[in-house]
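Engineer: Assemble the dimeric complex from its two separately framed chains, guided by the hints.
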Amino acid sequence: MLNVLYFASLREAFGKPSEHISSPLPTNVEALILLLRARGGVWSESLGADKRWRVAVNQEMASMETALNAGDEIAIFPPVTGG
Amino acid sequence: MPPGGIVTTMPTIRVQTEDFDVGAEMTALRAGNAKIGGIAAFVGLVRDVNDGAGVSTLTLEHYPAMTQKALVEIVDQARVRWEVIDATVIHRIGQLSPTDQIVLVLVASGHRGDSFQACEYIMDFLKTRAPFWKKESTVDGDHWVSAKKSDDTATSRWQTEQN
Chain A
1 MLNVLYFASL REAFGKPSEH ISSPLPTNVE ALILLLRARG GVWSESLGAD
51 KRWRVAVNQE MASMETALNA GDEIAIFPPV TGG
Chain B
1 MPPGGIVTTM PTIRVQTEDF DVGAEMTALR AGNAKIGGIA AFVGLVRDVN
51 DGAGVSTLTL EHYPAMTQKA LVEIVDQARV RWEVIDATVI HRIGQLSPTD
101 QIVLVLVASG HRGDSFQACE YIMDFLKTRA PFWKKESTVD GDHWVSAKKS
151 DDTATSRWQT EQN
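Chains as they are written, first to last, in our numbering: chain A, 1 to 83; chain B, 1 to 163.
The set of hints was computed from the structure by calculation and includes no laboratory data. Fair warning: there could be bad hints in the mix.
[As the list claims (entries may be wrong)] To give an idea of the chain B side of the interface with chain A (calculated C-beta under 7 Å), a few residues: (1) 44; (2) 63; (3) 65; (4) 66; (5) 69; (6) 103; (7) 131; (8) 132; (9) 133; (10) 145.
C-beta: ideal position from N, C-alpha, C; glycine also.
The shape of chain B in the complex, shown without the other chains (with noise of 0.2 Å):
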């Protein structure tokens, strides 16, 4: 039971092809549940520029037996942190191009505190630790994207954080 003893629902976790519509997700998260008293927000888009080289297309692989679990357990992490009433992540593969939506995570809970906390240590976690490659294709040529070091460093802060 999470702190507050409120109840919660398991969340919606989907890796697609296919893009997302985000008001239709939030609509789906917060239906019927007055408990709900806001919901965060966060879309990742695909940039047109990376490491100075313009990017045409960017191809999405992942570990297929291994994702929903990590991000069922991330959302778990984050629920025993913050009083999560409900969530939704949902992450794109293959065939991507710039400005497309590529990754969403909707948090709701009572108060915002809990959801604005729970979205973005979400996504730190994502960015570490669930089984996604990405792979650009430039006018030099294609190559993996090197994970950063920054993205390790926003991981570890909650590590040491207290809340």
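For reference, chain A alone in the conformation it holds in the complex (with noise of 0.2 Å):
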């Protein structure tokens, strides 16, 4: 199982902070993209590849092919705007 974290204007768009994917476990971040993606509607358009987001696993920032693991926290968020 995988616990899937959204923040700011991603979590707004999908209407919840978190969700835990199970099966099939993606095996990697762009696994878990595409899978998203496949939902259609506010996911296919705000995780566009013409769109700016990030992902980290584990509190790491990762890329598409980082892999996952079962127990991973995966955090989606739009580009940081602090400081």
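Structural biologist: Pasting the structure below:
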């Protein structure tokens, strides 16, 4: 099972701060994004290749190739704007 | 061990809703350490104009499990490059208003060059790597602040530049 978190504008667009994704377990970040995009609507729109978003795996910035394992915490969020 | 073999301490890193006192933080940072020759400080403030519309409030959201880790890593990276004796990073979250203090970076070192550069480096990376997001409430409604291309440019120059 993966614990997937959403922040800021993505949390609002998806209408939830987090969810569990278990079967089938995506093997890397790209597989997870494809699975989410396949839901259509705000999911395919907000996570489109033309949109800017970032992924962290276990609190470290990740790339599309980063491998995923059961128990991982994945966060998907827009580019950061602190400071 | 950092260059020069100077003794360093764990940086102070805090994320909080309450305001901070720059003078008190500086006093705490340098207390009892005669190796410190100077402290560079950056204080970020909430501006009242952003993208043309008047801002009434700003709300800061963050990713608690990652924020501390990201900030510690940024300070550690600065310490690899410069002789930093100690540092303080404080970032506020929650609801803020124009003129409020939002972020503080203090860097203590033996000589000013290290403090100035490390302070700027920490701010540049904080703006592009630390998981904070700003939402503005204006007379035209609420909207999430967009990331600036100029911030990415400021960060990337450290990756190409030799100091």
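Engineer: All hints are to be evaluated individually against the structure, with a verdict given for each.
Structural biologist: Hint check results:
{"no.": "1", "hint": "44", "verdict": "6 Å, holds"}
{"no.": "2", "hint": "63", "verdict": "6 Å, holds"}
{"no.": "3", "hint": "65", "verdict": "5 Å, holds"}
{"no.": "4", "hint": "66", "verdict": "4 Å, holds"}
{"no.": "5", "hint": "69", "verdict": "5 Å, holds"}
{"no.": "6", "hint": "103", "verdict": "5 Å, holds"}
{"no.": "7", "hint": "131", "verdict": "6 Å, holds"}
{"no.": "8", "hint": "132", "verdict": "3 Å, holds"}
{"no.": "9", "hint": "133", "verdict": "4 Å, holds"}
{"no.": "10", "hint": "145", "verdict": "5 Å, holds"}
The structure is consistent with each of the numbered hints, conforming to all of them.
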